Amino acid sequence: MDMVVADNLVKVFPTPNGKEKRAVDGLSFVVREGRIYGLLGPNGAGKTTTLRMLSGLMAPTSGSAELGGYDVATQPNEVKRVLGFLTANTGLYQRLTARELLIYFAQLHRMDHDEASARADELIEWLGIGDFAGHRCGALSTGQKQRVNIARALVADPPILVMDEPTLGLDVLSNRIILEYIKRERDGGKTIILSTHYLDEAEDMCDRIGLLHDGKLVAEGDLDSLRSLAGEDRLSNIFLKLIRADEKVEAIVR
Amino acid sequence: MSFHRRIRTIYGKELIDILRDRRTLIAMIVVPIVLYPLLMLGSIQAVSYQVESMGEERLIIGILGEPQAATLQRLIETDARNIQREKNALDPQSKEANELPEPLDHFHLCPFERREPLEEAVRNRMIQVGVIFASEILTDQIDRTNAFEFLYDYEDVRSSFAVRRLQDMIDRTAERMKQARKKRFDLPAEFDKPFELTVTDLSTRSSVIGQILPLILILMTITGAIYPAIDLTAGERERGTLESLMVSPVPVIDLIVGKFLVVTTVAIMGAALNLASVSATVYFGGFDKVISSTGGGIPIAKIVFILLCLIPFAVLMSAIMIAVCSFARTFKEAQNYVTPVILAVLIPGGIAALPATRLDGIMLVMPVGNMVLLAREFLLGAAISPWHIVMVLLSTTLYAGAAVAVAANIFGKESVVFADAGSLKSSLSRRLIKPSAKPTISMGLLVVAVLFPTWFFVQAAFSPGPDEDAIGLLYATGWLMPILFLILPIVILAYWKVDIQNTLCVRMPSLRHLAAAVLIGISAWVPAHEINVLQQSLLGVPQSVVENAEILGETLGALPVGAVFVLVALVPAVCEELLFRGFLLSGLGSSARKWTAILVSAAVFGVFHFFLFKLPVTIGLGVLLGYLCWQSRSILPAIVAHFLHNAIGAFGAINPDWYEWIGVSTDTDWVHLPIHILIPGGIVFLLALLITARPSIPTIKQAVPAPAGGL
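Residue numbers (this note's numbering), protein chains in the order written: chain A, 1 to 254; chain B, 1001 to 1711.
You may find that some hints are simply not true.
If you want a taste of the chain B side facing chain A, the calculated C-beta under 7 Å gives, among others [said to hold, decoys possible]:
id	residue
1	1013
2	1250
3	1414
Each pair of labels, with its calculated beta carbon distance range [to be verified]:
id	chain 1	residue 1	chain 2	residue 2	range
4	B	1240	A	15	38 to 44 Å
5	A	15	B	1462	46 to 52 Å
6	A	187	B	1008	36 to 42 Å
7	B	1020	A	143	38 to 44 Å
8	A	2	B	1240	46 to 52 Å
9	B	1450	A	34	51 to 57 Å
10	A	143	B	1026	30 to 36 Å
11	A	15	B	1482	39 to 45 Å
12	B	1008	A	224	51 to 57 Å
13	B	1020	A	34	37 to 43 Å
14	B	1240	A	183	48 to 54 Å
15	B	1450	A	2	46 to 52 Å
Hints are computed from structural coordinates only; laboratory data are not their basis.
Fair warning: this is a prediction, and the values are worked out from it, not measured in the lab.
Every residue, glycine too, gets a C-beta built ideally from N, C-alpha and C.
One chain only, chain B, in its complex shape (with noise of 0.2 Å):
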């Protein structure tokens, strides 16, 4: 039985025993339905009524002094006699009628004697708010002002409220006076406006959801993968089936990918039916004007563009909760370890949900959090470059991919199915685990994953700025470089007691495959020219690319030579071979086919240049060198084709003479390469991967050991 027929197999059932379950029905379908729109429907009624309910109160009113009080008193009144002329002057039905202010006409005033006891009956809400006029008796000289003082609690909800009517009342009282002012000295209305100020806001209504719902939408795909992820994982294993899994002829990494496919379902369902009615309840319960003053519903295409956002979303929760629910033995284990993954998950959605934070920089890669931001982005309406989209995509895709084959190497393991093999700690305590010739898919794919945002952190932080040269990036490369790719995996790999030199194929190779090696080395960048000058016919040349390459031009020709070299070449020749065609290769390839591996591990390598527009060369290359490393069984010859690879492209770039000489000019757009090149170079080209394609010796594939213990 193939492979996705496995799998269907296993997701069909999976799916139906899951949808079987009443628990998921209630989170699923109860939740979102019934809750939802009872959820937003109550509170909204609840704030109007509370508003409605505040505006007919009466108003409790402490002021300073008897004569104060009359004053105020007095204020009041006209205040709601003005608002009645104005209102018999205009027709009752019309607009203007119905914005005219509500007078003040419910409130009791309550003098005091003294400053104090008033600040304490605010405090103590005895009162809603206290006045204190400066003196007994108003005036309306024109060079005198009536000083006042409000006292209120802005904790009191009922406090502010007072304040705020007072004040209009206040504001209304003085404008008329203003008024009556100009009429009396015969100024112009203009007399006290020297400016007059429009501020327009020109938000949408969708751009106010736009900001929130990446976060809401979080919580219900959370919500959704959360519950059948236990269920499939721990909750297989507490009800004892779990046995009888395990002694099917059937591959871990296909019940778990079956199983991850299922959770990443339920997720999807689950959140597709909390948007809808959520999107159902603003649009039918005319509360679109409630969440936002300019109203208009959310438009129907961005309801689906959210949902298809959310497809790489829910893959990556569930791949995460997946991996997480596979460690623990029951049910309740499982949500004490899903609890702190979903803070943790909700820090990075946080960060992302702030206005300010923009796509860029390390948020491109932050796990979480590049996914909101995208999903924000596009509902912001802003433009975003399809590298962003192109590297969202990718890092989101690397994670959830390490995160299932952790899940696949954890489950069933010995130690998390029966509660007498040991704890996982113990499992994990490296005296007990067993020497293996090669690492695992999950510890490969792992180790990558975590590299991955680091190194991009690493070029992130030292790349050049506006005018600057990229000597520290050059630096920080050749210093980082081997401690990243090349001293943590050998660490770990030493850890979990892996054949350290099987792994990274550190091995004399035939003198065939060397040979094929210098032939690719000095011949791979015809192909590569070839593949830009394509890609730019298509798609042209960003400028970003030109600039970039044109700093670095700089900065290697500023350089000394042999530096060039180790920098460039070097470094990047050993470093990368040993970790994408040693760790990453072996690592695949201790499961997974000879092209998958191979192909798996050149889309890392490619992605890891955080360079879109070098995608395709570094993908090709990525394949080339695989390729050459799994035929030759060994990695030299790959390290030795890379090195005359990187050691050409700085040749050309410190002697752009060179250029001119084989009839590419860089002052104009790249062109193809004259035939007395190309077709020499694609001869040695193809020679060499005639001469890779026979295999150093008759199996590759040795017998190994299948790992044990660790990741």
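Pulled out of the complex, with its shape left as it was, chain A reads as follows (with noise of 0.2 Å):
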């Protein structure tokens, strides 16, 4: 089943000297349920700004999107109800626990006290949060932050993830527990999309890659089919190759 299904997106900004920025231009995917689909690209491809309108934060210039069935723009309670939303830099309130601010959240989703608070405990046991779930947000460190951001992500129990460079910023040992976490969501059945501009990360990781550059997919495809298109091996060269940017690092080096 196609859990997200982005159709012709389009999305422009208007700029401070009057003109049109089409920071995604005509983007169109779909993601099957219980798969990883990385979505790459160089600063500035327009990858937040996709992940944005899939998550209803953004409303598309133009072109629409499902997720799990619902429509973004007609359908915004449905969607979120059925999507956790992760990126790097998204804050917690400092001045709450972690289980509170889980609890926060789960009531967020329409859970009365005693079911979040069950459903807190829950995510704190089950991401090995229980260390430091006493702790006030703003005294955690980045790794500890990002680790109950997840939690945060997930405590609807929401069938698709949206994660916007969830990585970023993180030493190896927080980067790895995060990618693990990630994988036992996906193999516990959840549909995922990723977007990072680590490419070793989305190798790992990934069952479907978009390539994005400029606002449009320049590639898709699983990994193999991706190596053949371009004749290269590892995901770096593919994607220097893909988006012609080899002649121009050439130009600047030389």
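Please dock the two separately framed chains into a single complex, following the hints provided.
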């Protein structure tokens, strides 16, 4: 089943000089249930804007998207119920403890207080954050914060997870913990969209990859099909070749 | 999860969050509890220390010429001797002895040759006061007077103080000389007192406080509201928690209402602590006398009352602050927005704090100003009509509601949340606004909130004075109502690319609903009359209502019949329906439930009549017409019903015989309708309701795309 369908998504931003910038330009892709779809691209390629449109934080200028069968534009509340959303720079409420924060978000997902605190304890156990569940979020390390953030995204046990550079700025150990969490969620049957510009990470994690450049998909497929398409083995080389950046790199280095 | 439970969840979390913040605690608790007593103690002690030390300071007096110096020296010494003598005659422990003036004992005389250097020395503050005698020698002749001149510098406290002491000394000496002369000529004590005047100040200390307290109140409440308002809106954005909040399945209006309630709570708590701290400092610090000469503390009942006044005020301020801060992306940006708002709030607050301002006219609906005045009038113990209280509370509620609705519309808007989605300015530019089918709640409430004081002002400006007819008011209404109620909303709708026809419900209704409209139009006066009679039997009829009805009747009688029906029936029916049942009800109906939308629009419609006595009937009529419009999905039935209802009222006003004919005379009190009118009228009215109850098309709520862009 297709859990995520993006159909010809376009997002145009106004710029200060009165011109328009097409941040996302006619993007279409689907993600099957229980798969990890990697959205890859350099900074400014339109990854974040795409994910924001999928999660209903931004309205597309044109085009449409469906998550779990719900239309993002006309059924925003249903979409929010099937979606867990996580970014690298999502903040936490500094003055709440991790546990209080999880209970609060569970309540926002329509659980009563008892259900919410049971769910919070479950997540604390599942993600191994018991050691710092009673600490205020402001006092946690970056890696610990991101683990609480994942717990927050999972609070309603949503079938779809949208993750925007979830490992940005983490050390190796935290990075590995977060990626293991994500794999475990996929194995549990969740559909995941992951954006990253760490290509090794994508190679390791994703069942299917979309290469995004200047708001357009330049190539899409599983790793093998991308390899044969570009005639390269490493994803980073495939990527450079497909966006014809190798010539630019040479020009700059020379 | 219900609306209330979601709000409770959000409220609980936000309150814990904000109360755990050190900055909030400092602003809310430490500042009032530590700072106020310290400031008060400090400044009062500083003032009394200064006064004391100035009393002990040596007076430096400049005088023109050596001989005059000797004369002044003699005068001062004689005065001191006399005081000493009076003192010796009294018991040193007695009250009289304590009240004797202090003689001038520490002083130094500096003789000057000419006037100019003497003036210069006073200006340079080398000396405190300059004295010039008109002649060298003083005289005690009864046909002569001794002329003096004192030179001093008003801006120099020491100089003013010195001149007062010298003046007192001269007055004492003159009084002694007068007494001696009366004795010498055997004159009675009253000889030079043809009048004896006593001026008694009846103000109490609380009235002194009452004058300034409301203004202090404004500052306290604003201080309490600013920080949480910024923290809960712009702070959420700056810390990056907004995205996770916005992807939770919670309507933005719930988030904003929860946050708004927290800001209101914190503002009230902060102001209560401030108030308690000030009262305690005054009471326990023994500063009663310093604040007012009559003494006495602030009565507890008044403190409680001030707190009650504070609640609607805190509600309004919190709503405004939340709305303003919702525009900001960062703390700093929010602070920049808040500063001009505070200044803008202080202006009406300041006007209201002026002693001569009264709670009437435009001040009744002046945002902030009306609350300050209401609080002050209560504190001063003035009699306030309940109509004024209702007006102040309702208008404040309307403004606060509009501000909260605006905040809900702005908060979480992508152009505010994400920097790359363009600035707020670009989101207001028409090119980028997407067409929508209906206005938002905030657009509806905001337009009405702006129209409210404007319309009040129009009514007040043209209302007939004593012995005047109401022709001016009628014509002003006839001209201005279409402009304000019709053209203004249409221009706004056109700018925001809102479907005007759909918003104003301009479409053909079913014949059934037209028939219902006619029946309602011709029968609604029956329940309206009965409500009036009921109300009168419970509350009586204010004289002003009777007078207004008389003035209106006379005015209408003098106008041509055609003009009466245009001005009283046609113009209000068209304009009010399109504004309240078209624009406002559509805006409210875009996200509120059916009956909430109808009731709110009816309440606003009622308040717009600025007439407390008419409130039950106008709100009832508003509900009826709103229901008719909602069921028929067309504005036309409401216009028809409103027109007929007003036309019948106008007909009654120009044909008083009609009342006789139906059996309710206008001469006596209003009485119930006779059965042969009441029963058929009631049946027609209920029949009309039954017909209305069946909607014209099975689904009333269309699939309206969420309005994008703009307010």
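Evaluated hints:
Hint status for residue 1013 (chain B) relative to chain A: holds, with the closest Cβ pair at about 5 Å, below 7 Å. The beta carbon of residue 1250 (chain B) is positioned within 7 Å of a beta carbon in chain A (closest approach about 5 Å), and the interface hint is therefore held. The closest approach between the C-beta of residue 1414 (chain B) and any C-beta of chain A is roughly 5 Å, which is under the 7 Å cut-off, so the hint is satisfied. A beta carbon spacing of about 24 Å between residue 1240 (chain B) and residue 15 (chain A) contradicts the range 38 to 44 Å that was offered as a hint.
For residue 15 (chain A) and residue 1462 (chain B), the hinted distance range of 46 to 52 Å is satisfied, since their beta carbons lie about 50 Å from each other. Residue 187 (chain A) and residue 1008 (chain B) have their C-beta atoms about 38 Å apart, which keeps the hinted 36 to 42 Å range intact. Between residue 1020 (chain B) and residue 143 (chain A) the C-beta distance comes to about 24 Å, which lies outside the given range of 38 to 44 Å. For residue 2 (chain A) and residue 1240 (chain B), the hinted distance range of 46 to 52 Å is not satisfied, since their beta carbons lie about 31 Å from each other.
Between residue 1450 (chain B) and residue 34 (chain A) the Cβ separation comes to about 54 Å, which falls inside the hinted range of 51 to 57 Å. Evaluation of the 30 to 36 Å hint for residue 143 (chain A) and residue 1026 (chain B) yields a pass: the beta carbon distance comes to about 32 Å. Taking 39 to 45 Å as the suggested C-beta distance range, the pair residue 15 (chain A) and residue 1482 (chain B) conforms, at roughly 42 Å. At roughly 53 Å, the beta-carbon separation of residue 1008 (chain B) and residue 224 (chain A) lies within the given 51 to 57 Å, and the hint holds.
A beta carbon spacing of about 41 Å between residue 1020 (chain B) and residue 34 (chain A) agrees with the range 37 to 43 Å that was offered as a hint. Taken as a hint, the range 48 to 54 Å is violated for the pair residue 1240 (chain B) and residue 183 (chain A), whose Cβ atoms sit roughly 26 Å apart. Between residue 1450 (chain B) and residue 2 (chain A) the beta carbons are some 49 Å apart, a value that agrees with the proposed interval 46 to 52 Å.
Hint compliance for this structure: hints 4, 7, 8 and 14 are not met, and every other hint is.
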